Amino acid sequence: MDSLILKTGTRLLTALMLVFSIFLLFRGHNEPGGGFIGSLVATTAFCLYAIAFGVTEVRKALVIDPKILSIVGLALSLLAGLMAIVQGDMFLTGVWSPAYVDGSSALPLSSVLVFDVGVYLVVMGAVLTVVFAIEEDKL
Amino acid sequence: MSWLPAWPILIPIVTAIIGFLVGRSPGLQRAVSVAGAGLLLVAGVALMADVWSNGIVATQMGSWPAPFGITLVADHLSAVMVVITGITGLAVVVYGLADIDRERVRFGFHPMLHFLLCGVCGAFLTGDIFNLYVWFEVMLISSFALLVLGGDKEQLDGAVKYVALNLISTVLFLSAIGLLYGLTGTLNMADLHRVIPTVENQGLLTAVAVMFIVAFGIKSAVFPLFFWLPASYHTPPVAIAAVFSGLLTKVGVYALIRTFTLIFTHDTGYTHTILLWIAGLTMVTGVLGAAAQNEMRRILSFHIISQIGYMVMGLALYTPLGLVGSVFYLVHHIIVKANLFLVSGVANRLTGSFELKKIGGLYKSAPFLALLFLIPAFSLAGFPPLSGFWAKLVLIRAGLEIESWWIVATALIVGLLTIYSMTKIWGQVFWEPHPQGFDPSPDKGPLKVSRRDYLLLTAPIAVMALMTVIIGLFAGPFYELAERSAAELLDPTAYVAAVLGPDALGPTVAEGAAR
Amino acid sequence: METVLAVTVGVLVAATVYLMLSRNLVKFVFGLMLLSNAANLTIFSAGGLIRGEPPLVPEGSYVPDGVVANALPQALILTAIVISFGLLAFALVLAYRAYQELGTVDTDEMRIAEPRPEPRTPAPAGKGTAA
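Chains as they are written, first to last, in this note's numbering: chain A, 5 to 143; chain B, 4 to 518; chain C, 1489 to 1619.
Hints were generated in silico from the structure; no laboratory data involved. Owing to the predicted nature of the structure, the values given are computational and were not obtained by experimental measurement. Idealized CB from N, CA, C, for every residue including glycine. Hints are supplied without guarantee of correctness; some may be wrong.
Calculated lysine-lysine pairs in the DSSO-like style (CA-CA distance at most 30 Å, straight line) [said to hold, decoys possible]:
1) B:Lys360 to B:Lys447
2) B:Lys156 to A:Lys71
3) C:Lys1515 to B:Lys164
4) B:Lys361 to B:Lys447
5) B:Lys447 to B:Lys427
6) B:Lys427 to B:Lys367
7) B:Lys451 to B:Lys367
8) B:Lys451 to B:Lys427
9) B:Lys361 to B:Lys427
10) A:Lys71 to B:Lys164
11) B:Lys156 to C:Lys1515
12) B:Lys156 to B:Lys367
Here are a few chain C residues that sit away from chain A, every Cβ distance over 12 Å (derived from the structure) [unchecked claim]:
13) Val1505
14) Arg1511
15) Leu1537
16) Val1545
17) Glu1547
18) Val1555
19) Val1570
20) Gly1574
21) Leu1580
22) Gln1588
23) Gly1591
24) Thr1595
25) Pro1603
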């Protein structure tokens, strides 16, 4: 689609939505939000970009193939689950950074966050793969 | 906390991820896949050994205590199913090295297969009914991908029917879970067992139970919900069809056995009578459908259905002996059926078709293959001393024990008709000369199969045939295994104690209507 | 409120049945979409409804304040939505591909995997007629 208004608006909106999606991802830790919903916002941004500029442009902007993205995300989530093995707990038990646990740091770094980032990538990769496949008619 | 029940789920996922990441190199992908399948088998055997010596193993994911978190439980039935999944997985991966073309490998046959195995193992091990739904979905979506892999017209046609009916079953299952949760306020299966007797509205519970019968009935392809199976199972490459025929419907049967021994035992006079009717009708329609077919894989597909009937029959009788029979049958049938599909694939490679009328002459040119066909075929029909004989014997004795004459008669007649189909395949594929007059031998025939390929194709078949013989000749330990599983199924006290702690089954607290 | 939801579920399922009885594959997929929404609403209403009390734990506390809505059905529904999203996307793509390859969306016309049996009349061999 070749529309100046859409293209100009998209440039602004895509950036804004991507930032917002990251915000949602981190906020999801203790408040409404999270990897899944954040990722959907990011995906919407890329879809909008694809409508305005075409799929080829989005692929260029993404650099990494969405399929790989989702596999990496899956690996990341799995890794987050396996982290528990270090402290001798069961699969998927949350592991927290020692600094946060003893109170010297206010930053709650944990394996839960890694898991969420993994979910973020899986959903984005999977949805974009389907959307691109339909758009490019290469099913 | 034991990690043992988690490994059979984690190993296939890791294998699949690595497989995707090395996707550019088919050789590497195959190596990863074989290694992953081998490890899965090892993990399954380790779990089995642990359960055999220490009893039921339960472990809480994320250290959230049951009934709030997700529990993985391995009793004898789950453990043996995981072992069988490992065996089938390994056999199919090895067979696939020669059977699946480069194109399909590049599209991700191996990683997809491991996702499927992950879903299957997850379904066998989970102790949470909603989690069971999730594993069903993992299994389903990877089976979709495998079914259309390569995208032949025939495959798409089969996939449409497969996908449509399985999605309906999925949604039914989901709604049933929602209603069950509304009635009981819990999703943990052990906790459900505890809470079910305290539910006020037992009639509604029976209605939900019937919804589960329908949902799992579609998955396990019982009468009258089996139409998707013979419409789709013969369309993908044989390696994929073999893993489908061996494992997928059996997950449905497993789910039926699990839910109708652990959860819905409040009105067995009603639910299990329905199951008994289903069992009988499934046997008959399956075997009659097979008799009408003239394509090797379609005959075998219909036989899956008829054999499912036997497994459901044991559950429906709901006696110790009946459940022993069901479990024994389940184990024996996975090996035998996957094996028969693999044989049909080799026959196709050598003679050029699956159509009975267009092929023949294999007895002369590949006598070893003929022997490898005879073993699972006889076992399927129930000849002594093969595994199928014991499975049928136990079931029939269970039927006689509670004087359920007609189901016994049905089971025996269906056994005879099974022989008819098997002799049909035997006669047309192995005995008669090839209609085009050529000699379909692996090294001289017009459709040459290289030595390496032929070895890779027949080795898994030979190993599985050997296992059929071993289960038949040394049935003792296997019978004991089935007996132990049946005992656990009929009296879930140990199961509940393993999941919820030893004093969970005290005086029933009025927290039943937890709303 | 439960009554309204129950009626909604009923209407959705009725519409689903109507759509699924069609031979048109696309209509079938639409029916499936409605059905999965009906299932989600079933879970939602079966789990009990409480209005305007989000299940949030206030700052500095470990338990929610007073009676709050049950969060579990919502978690179940979210999972189910994600799964059905994936499955329906697959079903749609499959329908499209099937249309491209087979040239029809009429499920009765899809007979490649299950060809109609040949007529039983024994045709004389060798005398091929343009039947």
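Right, here's what the structure says about each hint:
Under the criterion of a C-alpha separation no larger than 30 Å, the hint pairing Lys360 of chain B with Lys447 of chain B is consistent with the structure, at around 22 Å. Under the criterion of a C-alpha separation no larger than 30 Å, the hint pairing Lys156 of chain B with Lys71 of chain A is consistent with the structure, at around 25 Å. Only pairs whose Cα atoms come within 30 Å are accepted, and Lys1515 of chain C paired with Lys164 of chain B is accepted, the gap being roughly 14 Å. Between Lys361 of chain B and Lys447 of chain B, the direct Cα distance comes to roughly 19 Å. Compliance with the 30 Å bound is thereby established for this hinted pair.
A threshold of 30 Å between alpha carbons decides the hint, and for Lys447 of chain B with Lys427 of chain B the separation of about 26 Å falls inside it, so the pair holds. For the proposed pair Lys427 of chain B and Lys367 of chain B, the alpha carbon gap of about 17 Å is at most 30 Å, so the pair holds. A C-alpha spacing of about 16 Å is found between Lys451 of chain B and Lys367 of chain B, which places the hinted pair at or below 30 Å, so the restraint holds. Note on Lys451 of chain B and Lys427 of chain B: the hinted pairing holds, with a Cα-Cα distance of about 26 Å set against a maximum of 30 Å.
Distance check on the hinted pair: Lys361 of chain B and Lys427 of chain B sit about 14 Å apart at the alpha-carbon level, within 30 Å; holds. Taking the CA atoms of Lys71 of chain A and Lys164 of chain B, the gap is about 27 Å. The hint holds against a cut of 30 Å. The hinted pair formed by Lys156 of chain B and Lys1515 of chain C meets the criterion: a straight-line CA distance of about 21 Å does not exceed 30 Å. Of the supplied pair hints, the one linking Lys156 of chain B and Lys367 of chain B is violated, its CA atoms being roughly 34 Å apart against a limit of 30 Å.
Distance to chain A confirms Val1505 of chain C as a non-interface residue, since its nearest Cβ pair spans about 28 Å, more than 12 Å. In this structure Arg1511 of chain C is separated from chain A by more than 12 Å, as the shortest Cβ-Cβ distance comes to about 23 Å. Separation of Leu1537 of chain C from chain A is adequate, the least Cβ-Cβ distance of about 19 Å exceeding the 12 Å criterion. Residue placement check: Val1545 of chain C does not keep its beta carbon more than 12 Å from all beta carbons of chain A (closest about 9 Å).
Some Cβ of chain A comes within 12 Å of the Cβ of Glu1547 of chain C; the nearest lies about 10 Å off, and the non-interface call is violated. Non-interface call for Val1555 of chain C relative to chain A: holds, since the shortest CB-CB distance, roughly 20 Å, exceeds 12 Å. With a least beta-carbon separation of about 7 Å from chain A, Val1570 of chain C fails to lie farther than 12 Å from that chain, contradicting its non-interface assignment. Its beta-carbon lying about 7 Å from the closest one in chain A, Gly1574 of chain C breaks the requirement of being farther than 12 Å from that chain.
Against chain A, the non-interface label of Leu1580 of chain C is violated: not every CB pair exceeds 12 Å, the least being about 9 Å. Not every Cβ of chain A is farther than 12 Å from the Cβ of Gln1588 of chain C; the closest lies at roughly 8 Å, contradicting the non-interface assignment. Annotated as non-interface, Gly1591 of chain C keeps its C-beta farther than 12 Å from every C-beta of chain A; the closest such distance is 15 Å. Every CB of chain A is more than 12 Å from the CB of Thr1595 of chain C (nearest about 19 Å), matching its label as outside the interface.
Pro1603 of chain C, annotated as away from the interface, keeps every beta carbon of chain A farther than 12 Å; the closest lies near 25 Å.
Of the numbered hints stated above, those contradicted by the structure are hints 12, 16, 17, 19, 20, 21, 22, listed in ascending order.
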